[in-house]
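Keeping their order, the protein sequence lines are chains A and B. If you count by our numbering, then the first sequence holds residues 1 to 285, one letter each, in order. If you count by our numbering, then the second sequence holds residues 286 to 1098, one letter each, in order.
FYI, nobody ran anything at the bench for these hints, they're computed from the structure. Fair warning: there could be bad hints in the mix.
What the hints assert, rightly or not - With the Cβ distance kept under 10 Å, some of the chain B side facing chain A (calculated, not the full set):
no., residue
1, 403
2, 930
3, 986
Unchecked claim - Footprint (simulated), chain B over chain A, 3 or more residues, beta carbon under 8 Å:
no., segment
4, 185 to 197
5, 251 to 264
6, 267 to 273
To be verified - Heads up, incomplete: computed chain A residues facing chain B, CB under 8 Å, no partners named:
no., residue
7, 2
8, 4
9, 43
All C-beta atoms in this analysis are idealised placements derived from N, C-alpha and C, irrespective of residue type, glycine included.
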Amino acid sequence: MISATFAYVRPGSVDEAVSALADAGEDAKVLAGGQSLTPLLRLRLAYPDALVDVGRIDELREIRDEGDAVRIGAMATHHQVLRDPLVNEHLPLIAQATATVADPAVRHRGTFGGSLAHADPAGDLPAVALALDAVLVARSVRGEREIPAADFFVDWMTSALEPDELLTAIRVPKLGPGWGSHYWKFHRTAQAWAIVGVACAVRRERGAIEDARVALTNMGPRPVRARAVERFIEGRSVSEDAFRSAGAHAAEGTEPPGDLHGSPEYRTHLAKVLTTRALTAAAAV
Amino acid sequence: MTVEEVGAPRRRVEDARLVTGRTRWTDNMAPAGTLYVAFLRSPQAHARITRVDTARAKERPGVVAVFGGADLAEEQGSLPCAWVVTEDMRHPEHPPMAVEEVRYVGEPVACVVARDRYAAVDALEDIDVDYEPLPAVVDMEEALAEGANLVHADLGTNASYTWVFENGDLDAALRDAPVVLERRYVQQRLIPTAMEPRSVLCVPEGDEFTLYSATQIPHILRLMLATVTGIPEHRIRVVAPDVGGGFGSKLQVYGEEVLALLLARRLGRPVKWTETRSEGNMAVHHGRDQIQRLTLAAERDGRIRGLKVDLLADMGAYLMLVTPGIPLLGAFMYNGIYKMDALSFTCTGVFTTKTPTDAYRGAGRPEATYAIERLMDELAAELDLDPIEVRRRNWIGHGEFPYETIAGLTYDSGDYESATEKALQLFEYDKLRAEQADRRERRDPVQLGIGVSTFTEMCGLAPSRVLGSLSYGAGGWEHASVRILPSGKVEVVTGSSAHGQGHETAWAQIAADRLGVPFEDVKVLHGDTAVSPKGMDTYGSRSLAVGGVALYSACDKVVEKARRVAAHLLEASEQDLDFSGGRFSVRGVADEGRTLQEVALAAFAAHDLPDGIEPSLDSDATHDPDNFSFPHGTHLCAAEVDTETGMVTLRSYVAVDDVGKVVNPLIVEGQVHGGLAQGIAQALYEEAVYDADGNLTTTTMADYLVPSAADLPVFVTDRTETPATTNPLGVKGVGEAGTIASTPAVVNAIVDALRPFGVRDVPMPCTPERVWRALRAEEEPDESEPGAGGGLGSADGGLGPAGGGSGSAGGAR
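Extracted from the complex, chain A is given alone in its bound form (with noise of 0.2 Å):
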């Protein structure tokens, strides 16, 4: 990596390293697993000041029980993450979006909380986060506070994280029983990254939908709740017709982005499609 010049420090804690950020001032950037980082670094298209180093702080990549959520430390890789128990058993729409994430060597160095405070809304995890209304837990020197994913993801890799913010973790609650969901990725290479994703979850009773979450990758500057169509399932009965009803209301309030692998109304067009498909696999508990 041919990167330009910039300051590093490794930090062995979490105190550490929000003084190193508080230090560093505005042009400080924390490095996590560094796979989406190091190659901006690479192209010459970040150039920050410093590097705070967050890879050694072994308290960030605890992933606990904490009664009705589960707290994920951002350090956690992929990896660790797809294969954790608590994740699997009451988060299976995150292990099943990490396990389509990149490749298996980005997997073992990227992480869970990197990939949210990078806020690319190609990436996967952001609309995972937002689907499962997610609180996000950032720390610095002035104490730490809570973000609930919905106010995270701010703009266009753009998160809500000051500059001397460091994201601990993030606690997500469990998803209970009666809980089915899918993460549908639409993508043209293994490696590539999303057209459109879409994240969903939703409770059955009694052959009806009675909860709905659903959240879309990639249409947008950042990850969207589709509202329109959690409202318009809500309180149907299972069937092909209302899960292709509500499907059809994916794109509503989204600014699906243009680029070479697919223009706004193809994206508009998947969004419903797929969305149909993930709800139809969500609903089949």
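Position chain B relative to chain A; hints supplied.
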């Protein structure tokens, strides 16, 4: 008796070091005092350079020197084109570093030489270049129109040449033909993606230079470096150390190689440059990029009368080593394996403000094969025949070889019937056709298509006299030498330059068999002009069919010399000696004998040699083939097409290849697998996309999609074996077969799946969006083509409407 090596699936002895990277990659080498080069490249497709200010960059720490094109104008010369295809070919000057004008994004305009790579790249940001923009020329058809903007103003046109080949009476074939198909196919531009990026290191030693380069062509490169720079050839040594793939992209004399030599001379220190992937995407020569207009005339029973090919080939901004000749390599392949009465081929080479094109795996032949194999499927659909049956009615029968084709080539051997029969069985063709019918009946959202490709190619480049008749600048022979060391071990030197093909294994297998020595006793040397002084290098599936045969002959010469020495030592006549298992014995007296190793030691000591025999046991041979070789095969692809999303999923792929005799089946299978991946990549994934301003928008691997194993089906491969009759090994070559065969097989499968919807074509690469749009264009034919937004394919004027839309105005007349 030793085991037969030829035919054995030996694991490649070179792989451990290549796969781990613990080897002599050019970038792994750094002699003491090495300086590092970084290039500033043009961000403009076409512009006049009005100022290059290097003053600030020179002041930066670690920077040794900074040069603009003008600083090197006196000595840098012009990059060579060795294939002047017509007498009036327009051939512009091509300075390694632009001096007055830039003509593609990525063209070098300045360079920094520094003590490390970081300092070099940092300093690029302090070079100020002023450009006066000139119009980009992106579209070939527009480039040829009256009043078009010019890439090279002094040439007065964007056409480099027009080259014609005609045989038979095409007008007669077209006249009153019962069936005439007209089609327009676009061979999109591709970017070769070798695993090892280009890298060059030049080490000066007084007035001599050793240039290490990740190249396929150390011998040709040496000659061309001497020609371009004026440094005498015998003062330049070129080494291609281990090279991590090329696919044609390293069959080139690159400006960076010339400049490394000039900078090493100027500065008197070793200089090294290694490209980044995104730099390579702009500056490695590209492949394909042709527009094919095709007219096929046939009888109602499916027999072909004749074929007219009207080709535009994008040269890019300059003519590089063999740029203009690449499309012409396809000229003789448009007839495929079929008999016809007339063939007319016209190709115009067109300049555009894009990266120059040149050889890319298959080079001209994949394009031709795509055209004829797509047309065969179209003809079958037109006549409501099975695509296999249409081919059967046209192909050259097994009993008809040798067969002189309408293109004037003599196919020496082949057995299209057997290969096809085997492929149909492995594929379970009838069963898949039944499933296809069922899905059509059920209106399954996921439809099934079956694609056929019964291809051949001309390879084993090439008979020197044929290359001469095509005005190519060199011959096509290959050289090998064999020496038996005093200890009895064997060194084989080949002029062919391996860059991933496994020569060190296959050549040792050939030598072990011919000499009767253990495989482990053979060392294969290559890729260094000081070690292998004669050679024509590696491209065009030529290594085995030309270089392997040279080795075979050199081994036989060694055995003949050894026979004379052995006869002398055994006091027997040469005629009475048998040679078997590496040992000469007197016929009828089995214990009277000498091993080759004993003979070698005697020849080394030279105490008692027959009169007229020179000491040491060695020999060499040069092979110039009489003819090309013609591998062939039948490939069948089953593709599932999701009609709701446009996603194509390859369900199964059967490749039955006939590459003649096989030296190492594992290597052959590896070549087929890699070739298939590359051909499938053209069908589904890869495309170099330029916007209207001539900016390359696929500079990273996030935009230029190269498939991995995860994206490909399990390949079912098998072989038939019809030996080549034109060389003693019976080999044909396999390096390009998979790439050539697979692209049309995949697209034929996609179109086959969508035929009930009226779709007759999907432009490559068949992305999900293009497939979806092709379907929509047929469902809602009145709807005007919507704007693609920032979407796909500015290169072909929007998304390439399907069927009739893309200029396929054909059908029965």
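Structure-based check of each hint:
{"no.": "1", "hint": "403", "verdict": "6 Å, holds"}
{"no.": "2", "hint": "930", "verdict": "6 Å, holds"}
{"no.": "3", "hint": "986", "verdict": "8 Å, holds"}
{"no.": "4", "hint": "185 to 197", "verdict": "holds (count 8)"}
{"no.": "5", "hint": "251 to 264", "verdict": "holds (count 8)"}
{"no.": "6", "hint": "267 to 273", "verdict": "holds (count 3)"}
{"no.": "7", "hint": "2", "verdict": "5 Å, holds"}
{"no.": "8", "hint": "4", "verdict": "6 Å, holds"}
{"no.": "9", "hint": "43", "verdict": "6 Å, holds"}
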